[in-house]
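K.L.:
Just so we're aligned, residue 615 is where the sequence shown starts under this note's numbering, counting upward by one.
What you were told as hints is all true, and nothing was included just to trick you.
Okay, the calculated beta carbon distance ranges per label pair:
| no. | residue 1 | residue 2 | range |
| --- | --- | --- | --- |
| 1 | Arg1262 | Gly1364 | 23 to 33 Å |
| 2 | Ala681 | Leu908 | 51 to 61 Å |
| 3 | Asn1381 | Lys1451 | 29 to 39 Å |
| 4 | Asn1381 | Thr1307 | 38 to 48 Å |
| 5 | His1513 | Asn1381 | 21 to 31 Å |
| 6 | His1271 | Ser1210 | 27 to 37 Å |
Derived pair list, reagent style DSS-like, types lysine-lysine, alpha-carbon separation capped at 30 Å:
| no. | residue 1 | residue 2 |
| --- | --- | --- |
| 7 | Lys1145 | Lys1243 |
| 8 | Lys1091 | Lys1132 |
| 9 | Lys1363 | Lys1243 |
| 10 | Lys1001 | Lys989 |
| 11 | Lys1082 | Lys1001 |
| 12 | Lys1328 | Lys1499 |
| 13 | Lys974 | Lys1001 |
| 14 | Lys1246 | Lys1229 |
| 15 | Lys1132 | Lys1363 |
| 16 | Lys1132 | Lys1246 |
| 17 | Lys1091 | Lys1145 |
| 18 | Lys1341 | Lys1328 |
| 19 | Lys1243 | Lys1229 |
| 20 | Lys746 | Lys796 |
| 21 | Lys1363 | Lys1341 |
| 22 | Lys1341 | Lys1499 |
| 23 | Lys1405 | Lys1363 |
| 24 | Lys1091 | Lys1229 |
Calculated from the structure, these hints are not laboratory results. Here the structure is a predicted model, which means the values were calculated and not measured. Ideal Cβ positions, reconstructed from N, Cα and C, are used throughout, including at glycine.
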Amino acid sequence: MSRVKKWDKVFQTPAKFGGWVYGIYLCVICYVGFEFNTHFKQRTHHQLEQHVSLYQSRLSDQLQRFAHLLYSIEAYLRARSDITPEQFYHLAQSQLAGLELELSLESYAIIDSHQVSQLEEQYQSLGFFDFKVRLPSDIKGLYLTTLKAAPVSEFGHLVGTAVAVTDPFMQRLAKNELQALKWPQGQRWSVVIEQFVHQLPESQRALGIGFQLNHLLEGLFSQLYQNSGHHMRVFAGKQQLFSSDWQNQFDLANKTAGITEEIDFFGTPVSMHLYTQAQLSPSLLHNTPLIIVLVTLIAAALGSMVLLQVRYLTARHDTINSLVEERTASLAQANQQIQHESNKRLTALQQHIVAERKYKSLFVNSSEGLFVLDKHGVLVDTNPAFKALLLGETHASTRLTLSDLMLDSEVAARWQEMVAQLQPHDELEWLAGSHQTSGVWVRQTGSWICHSHEVIYEGRITDVTTLKLFNEQLQYKAQHDSLTDLLNRQTFLQLVEANRTEAPGEFILLYLDLDRFKLINDTLGHLAGDKLLIEFATRMRELVGSFADIARLGGDEFAILLNANRLAMPLELLLEDILTAIRVPFEYQGTMHTVSGSVGVRRFTAPCLNYEAEKLLHDADVAMYEAKKRGKNDYYIFTSAIATQASRRLQVERALHTLNMDQELSLRFQPIYRRGGEIVVGFEALVRWHSPTLGVVSPAEFIPIAEECAQIVKLGQWVFQHAIRFKQQLPDNEMFVSVNVSPIQLQHKGFMSWLLTQFEHAEYRPNHFKIELTESAMMTEEISLIAPLQKLHDLGFGIYIDDFGTGYSSLSRLNVLPVDGVKIDRAFINGIEGAGKPRQLIEAICAMAKSFNLTVTAEGIEQFAQLQTLSTLYCQQMQGYFMSKPLCDFEALQLLHHHGSKKLLNEVS
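All chains should be modelled from the sequences, with the hints used to inform the complete structure.
P.N.:
Given below as structure tokens:
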């Protein structure tokens, strides 16, 4: 080992030393490269400074020539104080002739805005008639104004131009220093000096030389790029005065100048930007920093190659040493791994034994049934809870599969299919049983696992019999009526829907309603009503429960679904039996009570795809109401005719709810006559309805519907309002208006006060109005109508019984009710012109009315013979189409006017 360490030091030392040497080598070549780059930059900058100095000297020489020329002219003019304008122009020609640059000699006056008019008058008096000062409009202060400019032919147009001057400008003039001035017109500049004047003028004078600065710069530097490969840009502030790249070939505006120098252009700083050929046309050969970097990189790469070679030799030596050490260490590590694996296997075996003991303990002591199946579904192992639940304590250990315990053959077949495919599953619920146990509902969970190269099934079962029974009870309660234990409405509709779409055959749907049940319920109490419903349900079960489905829809309404093929008797006999069973008295608190029933019948043939269950039940309901209308205690079989009537009734009811009374309703007024049809004593108000959707609707049709759907009160108020308006238009205050009123209006709590308010606003007495009620309505609601009719009668309203003789009133009631008259229905008028029974009946009615001192009005008179016959009887008033049809208000007023004219003529004659 000592030799190895010795050689290791020998080989390791050069490697470290080579790294230090390479680092120093890199620093040296980087320093040399930096010094070379600095040297070349300084040399390039020095060359640019020399070029700029040369170009500055050229420009300065030219400017000095202008200065000397201006100084000499100013000295000359100072010596000649009386120089004329012709001499000034001659002096300019002699001094400026022969120069390469076009110059102008100019004389100025420094004035403010108040001196403009004075200066113009002065020069116009000298013969310069078109002299006009042109001041800049947006600047205030002192202005340098051109008085003379020579040569005149070229620069005479400049006379009168002015430019604003600043305080620094005036200070330089005061010091007799030259001052450069930029004119607004293009690139025109002037070099200005103060002019000495012997006679003090009103304003200060100055002398200057004007020129185009860009022309001067072009003359000096236009060939700069061709001669030296440089380009130049000249700026006064931010304004570019000159660019040698006038074609913008090199886009100098986006390049950085190699050097920038400023010169004093007679008080105006001017900067010169010089661009070298290397900047204008970059080239790798002229890129000195890049060449230095490349040389430095090459030198560094050569040094790194030498260093890598040294390190390679050192690494090779280290590899040989590490191989020897790794072989030695691997032998020791292998020995340690063998020992560790042996200890690990021993620990795992001990843990496995402990886990098996815990699993066995849980398996045996679990309260849930645990079991193990082999891949064929045979029970391999079960815990005591499983045995106690399904197998019993005395079960013999025979080969038993789990499907043998399933009582449902379909469930057993599905399970055997899962076992054959080793298929995973969710929770399963099935009815289990064996020779030792009765039926038990269990819930099964489990999964297939691979254990010791064998596939087994580990499962768990839980007794859910109690929960199952509870859920079934909840479902039963949800589907049945709690009082009668019959099917409820929702379940019955689902049953009808299922038979309608699935089961072929002919079915009969019965809709039953108990007549007078509300009377029993209101008088005897809800307990009596509940007992009646329970008794009725029991009778229906005994009668049709064996072959029909019975349901309670709500209240005292029931429904029965019959399969026509299962009826053992004709349907009519079954319906009579049902009605008979309903009429059988039932006992409550020792008293017998009787009710009857109305039955609606709806036949349908399944499959019935055109009508849903709700519609079929509705049709049976419509038929049941038809049976009630025909006197109750009867049945009625649904037909398309009553369906059409029900649909029409529904359309009318919907239209009444959206009725615009002022636009759709109108009143017609039929005249009522006395004296055999000669004198009009009043009118009967008849309402007419023209619906935009239904057309003309008869009052006989919509009045009963309006009474049922609570629209009759609003309708009656509208009729009364328009009848009062019509009464206000009548010329004779003694004429009356008859209005038909429904008993519902009279029973409405707000009708009486509303009616009296209307008459107070109209300032009319109630005796101008007659109220007509039909005989059948008055006798049906006799008890509830006595009080409101008596009140109206006491107020002065006339009370008439309309359609008298068509109802079932008793003559004794005429003595009780506050009645003023009767109206004979048109049905009794036909045939009275003869000597038969119709006339005898009318005579009897008139005699009876006379005995009660009632006014008689006959309506429906259509022939003259009928009018003559009635004129001989106790009949005070007549109306009918023979005299006049119902008229609108305008026609009724015209009729009265015509009768008034006719009466006047008769009196005159």
